[in-house]
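One letter stands for each residue in the lines below.
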Amino acid sequence: SQQGEEDPQALSIQEGENATMNCSYKTSINNLQWYRQNSGRGLVHLILIRSNEREKHSGRLRVTLDTSKKSSSLLITASRAADTASYFCATDLVKAAGNKLTFGGGTRVLVKP
Amino acid sequence: DAGVIQSPRHEVTEMGQEVTLRCKPISGHNSLFWYRQTMMRGLELLIYFNNNVPIDDSGMPEDRFSAKMPNASFSTLKIQPSEPRDSAVYFCASSFSRGLEQYFGPGTRLTVT
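If you read the protein sequences in the order shown, they are chains E and F.
Going by this note's numbering, the first sequence opens with residue 2, and the numbers climb by one from there.
Going by this note's numbering, the second sequence opens with residue 1148, and the numbers climb by one from there.
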C-alpha cells in the first residue's frame, strides 16, 4: 500500500455523530498533517501533529499519533452537514528532500442532516 | 492575503494543443508544488520547487510536461502536446518552510477532448 493510506475510504454518518478515520504510513516521519477538501475546491490544512506528540486538538477535531504503529487517527466530534468533504492525511517523511509531503488516497465523509 | 492564485480555473482544449497553467504562490512562501488529481489516481505530486529551483520532478508523467518558476511569485505548468488522459484537476500549492502546512489554490480543471 502507499505511504499515508486512509481507512475507511468512505464514511456516512448522521449529523451530530462522531466521525473517525485512520491513516497508516510506512517510514519515519517528522510530522503528519490532515487536510480537508470540499467538492470542487483545493485542499485546506486542518491540523499538524509532530512526531514527538501523541494527541492534538483543534476545535471539534482530535488527532492522535502512534509512531510505534505508524498510524494516526482523526476524530470529528458532533459532526455537521458542513463537515461533508474528503479528508487526507499527509506525511513529512524524514528522508524526503525539501518540503515534500506525501498524501494518502483520502476518506470521503458524508454527514447526513 | 489573496491566497494561492491559479489561472485559468477551467480549460477545455483539443488533443494536440498546448496548455499552460499558471500559479501565483503566497508572498513569502519559498516552496511551490504542482499536483494533479483524478478519480483513478488520486492526488499526485508532479513537481516541486524550493527557492525557484526544481527539487523533484519525478512525478512529471513524461516529456510532454514541463514546469518553470522564473521568479518567486510565478510558476507555469505546460503540457505540449496535450492528450485526453491529461484531463484532471491541477492544483498549485505553496509552503513557507520545510514540512509545514501547504496552502492550495482553487485548481484548474483541464479537459482535453
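No wet-lab data here; the hints were simulated from the structure.
Glycine included, C-beta positions come from ideal geometry on N, C-alpha and C.
Take these hints with a grain of salt, some might be off.
As the list claims (entries may be wrong) - Some chain F residues near chain E, calculated using beta-carbon distances under 7 Å:
id, residue
1, G1163
2, G1189
3, L1190
4, Y1195
5, E1230
6, A1235
7, F1238
8, F1251
9, P1253
Stated by the list, open to error - Distance ranges between label pairs, derived from CB positions:
id, chain 1, residue 1, chain 2, residue 2, range
10, E, N31, F, R1188, 21 to 27 Å
11, F, T1260, E, V45, 40 to 46 Å
12, E, T78, F, R1211, 43 to 49 Å
13, E, Q10, F, R1232, 19 to 25 Å
14, E, Q10, F, G1150, 25 to 31 Å
15, F, T1258, E, A79, 35 to 41 Å
16, E, L76, F, F1221, 36 to 42 Å
17, E, V45, F, A1219, 21 to 27 Å
18, E, R61, F, E1230, 39 to 45 Å
19, E, R61, F, G1150, 19 to 25 Å
20, F, P1228, E, P9, 23 to 29 Å
For E/N31 and F/R1188, compare the CB-CB distance with the range 21 to 27 Å and indicate the outcome. For E/N31 and F/R1188 the Cβ distance comes to about 26 Å; the hint holds.
Checking hints one by one. Is F/E1230 an interface residue toward chain E, by the C-beta closer than 7 Å rule? violated, 24 Å
Taking the least C-beta to C-beta distance, is F/F1238 closer than 7 Å to chain E? holds, 6 Å
Has the hinted range 43 to 49 Å been met by the Cβ atoms of E/T78 and F/R1211? holds, 46 Å
Verify the CB-CB distance for E/R61 and F/G1150 against the hinted window 19 to 25 Å. holds, 24 Å
Does 40 to 46 Å hold as the CB distance between F/T1260 and E/V45, or does it fail? violated, 31 Å
F/A1235 as chain E interface residue, shortest Cβ-Cβ below 7 Å: violated, 13 Å
Using the nearest Cβ pair, does F/G1163 come within less than 7 Å of chain E? F/G1163 check fails; min Cβ-Cβ to chain E is 28 Å, beyond 7 Å.
Taking the Cβ atom of E/R61 and the Cβ atom of F/E1230, is their distance within the range 39 to 45 Å? holds, 43 Å
Should the hint that E/V45 and F/A1219 are 21 to 27 Å apart at their CB atoms be regarded as holding? At 23 Å between Cβs, range holds.
Hint check, F/P1253 versus chain E [nearest Cβ-Cβ separation less than 7 Å]: holds, 5 Å
Confirm or reject the claim that E/L76 and F/F1221 have a C-beta distance inside 36 to 42 Å. holds, 40 Å
When the structure is compared with the earlier hints, violations turn up for hints 1, 5, 6, 11 and 20 and for no others.
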